[in-house]
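Sequences listed follow chains A and B, in order. 43 is the number that our numbering gives to position 43 of the first sequence; each next residue is one higher, with no gaps. Each position in the second sequence, counted from 1, maps to that position plus 402 in our numbering.
These are calculated hints, taken from the structure and not from any lab test.
Straight-line C-alpha distance at most 20 Å; calculated EDC-like pairs for lysine to aspartate or glutamate:
{"no.": "1", "chain 1": "A", "residue 1": "K397", "chain 2": "A", "residue 2": "E77"}
{"no.": "2", "chain 1": "B", "residue 1": "K770", "chain 2": "B", "residue 2": "D479"}
{"no.": "3", "chain 1": "A", "residue 1": "K239", "chain 2": "B", "residue 2": "D559"}
{"no.": "4", "chain 1": "A", "residue 1": "K299", "chain 2": "B", "residue 2": "D559"}
{"no.": "5", "chain 1": "B", "residue 1": "K710", "chain 2": "A", "residue 2": "E128"}
{"no.": "6", "chain 1": "B", "residue 1": "K770", "chain 2": "B", "residue 2": "E780"}
{"no.": "7", "chain 1": "B", "residue 1": "K758", "chain 2": "A", "residue 2": "E128"}
{"no.": "8", "chain 1": "A", "residue 1": "K117", "chain 2": "A", "residue 2": "E32"}
{"no.": "9", "chain 1": "B", "residue 1": "K624", "chain 2": "A", "residue 2": "D240"}
{"no.": "10", "chain 1": "B", "residue 1": "K535", "chain 2": "A", "residue 2": "E304"}
{"no.": "11", "chain 1": "A", "residue 1": "K237", "chain 2": "B", "residue 2": "D559"}
{"no.": "12", "chain 1": "B", "residue 1": "K710", "chain 2": "A", "residue 2": "E100"}
{"no.": "13", "chain 1": "A", "residue 1": "K103", "chain 2": "B", "residue 2": "D655"}
{"no.": "14", "chain 1": "B", "residue 1": "K683", "chain 2": "B", "residue 2": "E693"}
{"no.": "15", "chain 1": "A", "residue 1": "K350", "chain 2": "B", "residue 2": "E621"}
{"no.": "16", "chain 1": "B", "residue 1": "K665", "chain 2": "B", "residue 2": "E687"}
{"no.": "17", "chain 1": "A", "residue 1": "K189", "chain 2": "B", "residue 2": "E589"}
{"no.": "18", "chain 1": "A", "residue 1": "K348", "chain 2": "B", "residue 2": "E621"}
{"no.": "19", "chain 1": "B", "residue 1": "K758", "chain 2": "A", "residue 2": "D129"}
{"no.": "20", "chain 1": "A", "residue 1": "K117", "chain 2": "B", "residue 2": "E589"}
{"no.": "21", "chain 1": "B", "residue 1": "K454", "chain 2": "A", "residue 2": "D218"}
{"no.": "22", "chain 1": "A", "residue 1": "K239", "chain 2": "A", "residue 2": "E304"}
Across the chosen pairs, the derived CB separations fall in these ranges:
{"no.": "23", "chain 1": "A", "residue 1": "E396", "chain 2": "B", "residue 2": "E654", "range": "15 to 25 Å"}
{"no.": "24", "chain 1": "B", "residue 1": "R504", "chain 2": "A", "residue 2": "E191", "range": "42 to 52 Å"}
{"no.": "25", "chain 1": "A", "residue 1": "K299", "chain 2": "B", "residue 2": "P742", "range": "46 to 56 Å"}
{"no.": "26", "chain 1": "A", "residue 1": "P76", "chain 2": "B", "residue 2": "P742", "range": "48 to 58 Å"}
Here's a subset of chain A near chain B, in silico, CB distances under 10 Å, partners left out:
{"no.": "27", "residue": "F59"}
{"no.": "28", "residue": "L135"}
{"no.": "29", "residue": "E139"}
{"no.": "30", "residue": "V141"}
{"no.": "31", "residue": "S168"}
{"no.": "32", "residue": "G192"}
{"no.": "33", "residue": "T202"}
{"no.": "34", "residue": "R207"}
{"no.": "35", "residue": "M321"}
We treat Cβ as the ideally placed atom computed from N, Cα and C, and that holds for glycine.
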Amino acid sequence: MSGALSGFTIVDLTQGLCGPFASMRLGDAGAEILKIEPLDGDFSRAMGPPFIGDESAVFLSLNRNKQSIALDIHKPEGQEIVRRLVTKADVLLEDLGPGEAEKLGLGYETLRTLNPKLVSCAISAFGEDGPLRNLPGAELVMQAMADYTNSLGRIGESPVRLGTDVASLNTGVFASQAVTAGLFHRVRKGEGQRVSVSMLGTLLHMRGIMWTAMTDPDDWYGFHLDHYIKPPDHGYKTKDGHVYFGLRRGNSEDWDRLLISLGMVESLSDPRFAGFGRDATSIGRYAAEVKPIWEQGFKEMTNEEVVRLIHEFNGDAVPFMDYPALFSHPQVQALNVVQEIDHPTAGKFKTIGPVWRFSDTLAKIQSPPPTLGQHTDEILNRLGLSTVEVQRLKTEKVIGGS
Amino acid sequence: MAGILDGIRVFDLTIAAVGPWASKLLGELGADVIKVEAPEGELSHVIPPPIKGTAVLYISANFNKRHIVLDLKNEGDRAIALKLIEKSDIFVQNMRPGAVERLGLGYDVVSQVNPRIIFVAASAYGRVGPMAKEAGIDPLLQAFSGWCSITGPASGDGEMFRHLAHLDITTSTMIVEAVLQALLARERTGKGQKLEIEMLAGALSLQTSRLAEYFATNEQPKPMGSAVTTTVPHQAFRCEDHQYIAVGVVSEDQWPRFCRALKLDDLCSNPRFATNPQRVKNRAELIPLIETRFHAKPAAWWAIRLTKEQVPNSRIMDFAVLRYHPQVVQNQQIVELQTPHWGTLNVDGMPWKFEKTLAGPIRPGGLKGEHTDEVLRELGLL
Chain A
1 MSGALSGFTI VDLTQGLCGP FASMRLGDAG AEILKIEPLD GDFSRAMGPP FIGDESAVFL
61 SLNRNKQSIA LDIHKPEGQE IVRRLVTKAD VLLEDLGPGE AEKLGLGYET LRTLNPKLVS
121 CAISAFGEDG PLRNLPGAEL VMQAMADYTN SLGRIGESPV RLGTDVASLN TGVFASQAVT
181 AGLFHRVRKG EGQRVSVSML GTLLHMRGIM WTAMTDPDDW YGFHLDHYIK PPDHGYKTKD
241 GHVYFGLRRG NSEDWDRLLI SLGMVESLSD PRFAGFGRDA TSIGRYAAEV KPIWEQGFKE
301 MTNEEVVRLI HEFNGDAVPF MDYPALFSHP QVQALNVVQE IDHPTAGKFK TIGPVWRFSD
361 TLAKIQSPPP TLGQHTDEIL NRLGLSTVEV QRLKTEKVIG GS
Chain B
403 MAGILDGIRV FDLTIAAVGP WASKLLGELG ADVIKVEAPE GELSHVIPPP IKGTAVLYIS
463 ANFNKRHIVL DLKNEGDRAI ALKLIEKSDI FVQNMRPGAV ERLGLGYDVV SQVNPRIIFV
523 AASAYGRVGP MAKEAGIDPL LQAFSGWCSI TGPASGDGEM FRHLAHLDIT TSTMIVEAVL
583 QALLARERTG KGQKLEIEML AGALSLQTSR LAEYFATNEQ PKPMGSAVTT TVPHQAFRCE
643 DHQYIAVGVV SEDQWPRFCR ALKLDDLCSN PRFATNPQRV KNRAELIPLI ETRFHAKPAA
703 WWAIRLTKEQ VPNSRIMDFA VLRYHPQVVQ NQQIVELQTP HWGTLNVDGM PWKFEKTLAG
763 PIRPGGLKGE HTDEVLRELG LL
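Start from the sequences, fold in the hints, and give me the full structure.
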């Protein structure tokens, strides 16, 4: 069984979080990834502490499946090497910024004369047009511009960001889609093309339901609208943590039993609790309002006890998990999504493996992340450069070895 | 100009957000997406708010589709469904594990009718394990996947993202990723296949770069307000006018430019802050110095200075400011869509721009069952 992208080669000029996440995923699907790094390395190699050995944990998590060539793309001979690699490859993935690849002789118009079937995917921060097109991006900056911080924290207080690197990693998934779509089109119709994605575009796309909801809703209500004004949500407090839950199914007898066992006798006749809790829990209309009543009921119960109780009454419930609890949970273990990689210098480390399971195609971790320039010699030898030439290029700092 | 998925048909049996948004993206890539609903309609119809009586989620998650109603518990309709499946390339569903099998449309049945079909099984927590039977909606996954534990003010408990759709749509995008891979593989093998994905794995994958810290140290990363563990300075700063500006110095070349923008030359030449790892280690000393500097002038001043120096920065934007910001308009990231049923709407732009092969245009979907006759007639199934 081979991977969906087995046999395809990607020349990867990207750095940081976004592009590398994309190429890593394409590598899990079997593509060969030639990672071109500056002589002092992808800047995510400096994103730490924490480090594992000499490598940043962040870099290690995003760069498996790749061969590394250290190369200065600002030198004409470096540019020529990239052009030669792209000529023999299927895909170019770059995040140099709108217009920058052109300045280096690596623009799509140049490259497609060398390789008419090339699929070229460009990643930018804010989009390729507009007054901000040349401004580089950063995770928090994209979240702030895309209205994300307004769905966290409190109005008037210091902004809160999503801890998860959504601008970077969600965009990486769209880039992975774009590359695969481009290859699909090429295999069917014989032509390559250029495609672009942006971090701002990603974050705004994913919030689309809100833009539509805000256009002309019949009533200003519902979680697509009222989360600007709602206070921070920590779920439902219990004796030893927090849970999130929803109820909406049941029969009257069970419902009475549930409320009585929680000491919530008054709620039996409270219209907000009608419909077996549909409006009084989860995303229901009165959920925020009646939360303190539930919390009073849960005060002497642990997370586990609350979850078990809600399940008994056909509701959905989970505890709020932190990472230590999550990774010792049998469900996460059953998914087999945490995998261990053995790195030549950093040693063994854990990470999240491919998320898709195919019945006929293989998705798997192919190789550990490379050290800087680990494959420089190998890649250039394959390109037909002699050992003498390679040495000269190293001396002149066009390329770097490992 | 035909779209990338021209000639590809999707049998879309999805509900709510995860499944429908995936097939919406396939529709935007040019596939012919047939949304199949039971007569009573799917879940999203009851989620508020509505626009002119139709739930916004139903409108938003179902662009670029045609809508038909089939009662799959009825013999005649089920036979039609199987004929439609024969003419389809992709079968998407996101019901609880076991549900589609009980409807008689599990992979074993569907792949017999059409061996080239790509069958998507998307669940909340997985098809195996103690939680396999549980349904999941976005906030449940936020709580369970650890995603809340790294978000919030520095002193507080982890909090939820109050927009309850991000993990849903993340899963949708990973479904599309996998479907495109399966289509590519099918060109080589001629065969379809089954692909499985769950929201929980998607949520973990999205946290890869933050989980890296946990796996390296065995310590839970703490919520840090607008800041983050591994890059400094990368947070929001309060300015003289009490407005905040978000700044990120994420690559080494940006640090001297940041110092120039803030006229903090001695900071720049201080070896304790010369590299990112040193700034991370010495953040307690560095951040107050930067905060003081930002307090000296209003946010608008700093935005000019930082942008001139090409340092990533942004004001904290909301929809009113964002909607007609030239960057958003010129890149078509939020666009206007004319619809027959709901008037003119502001909607999400497409997440990719293909220069040669057209993606889109974005087209509104319809009402439940609106295209039943049209589709069945077109496919000779009426």
